[in-house]
Amino acid sequence: LDGARGANVDGVPVHAIRLRGLLAHQEVLLGGEGETLTIRHDSLHHSSFMPGILLGARRVVQHPGLTFGLENFLDLD
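The numbering of the sequence shown is our numbering, which starts it at 1 and goes up by one.
Hints in this document: simulated from the structure, not taken from any laboratory. Among the hints, erroneous ones may be present.
Claimed, not checked - Pairwise CB distance ranges, derived in the manner of DEER restraints:
(1) T38 <-> G11: 36 to 42 Å
(2) P64 <-> L22: 22 to 28 Å
(3) D10 <-> L30: 14 to 20 Å
(4) A7 <-> L70: 38 to 44 Å
(5) Q62 <-> G6: 42 to 48 Å
(6) Q62 <-> R18: 34 to 40 Å
(7) H15 <-> H45: 18 to 24 Å
(8) L22 <-> L76: 28 to 34 Å
C-beta atoms are modelled at their ideal positions from N, C-alpha and C, and glycine is treated no differently.
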């Protein structure tokens, strides 16, 4: 995103963080008057992505065409 520090995507403020050792960071902030709830996830190493990569590689051959999202490969029934 152009100038991701303070960028606005469809009305949602977006910031980019560049920090050695922080590979991926997602944070959701919710709040009401006098309170906040923060949900945060940090990935510090590429190995954290391996379970999803292996799952996708093993299951993709069973799904012809375009499959978007790993949730299609999870047995959540």
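Hints, one by one, checked against the model:
The hint said 36 to 42 Å for the Cβ distance between T38 and G11, and at roughly 20 Å that hint is violated. Checked against the given bound of 22 to 28 Å, the beta carbons of P64 and L22, roughly 37 Å apart, lie outside it. A C-beta distance of roughly 18 Å is found between D10 and L30, which places it inside the suggested range of 14 to 20 Å. Our hint of 38 to 44 Å for A7 and L70 is violated, since their Cβ atoms are close to 27 Å apart.
The hinted range of 42 to 48 Å is satisfied by Q62 and G6, whose Cβ atoms lie roughly 43 Å apart. Take Q62 and R18: their Cβ atoms lie about 38 Å apart, and the range 34 to 40 Å holds. The hinted range of 18 to 24 Å is satisfied by H15 and H45, whose Cβ atoms lie roughly 23 Å apart. L22 and L76 have their C-beta atoms about 30 Å apart, which keeps the hinted 28 to 34 Å range intact.
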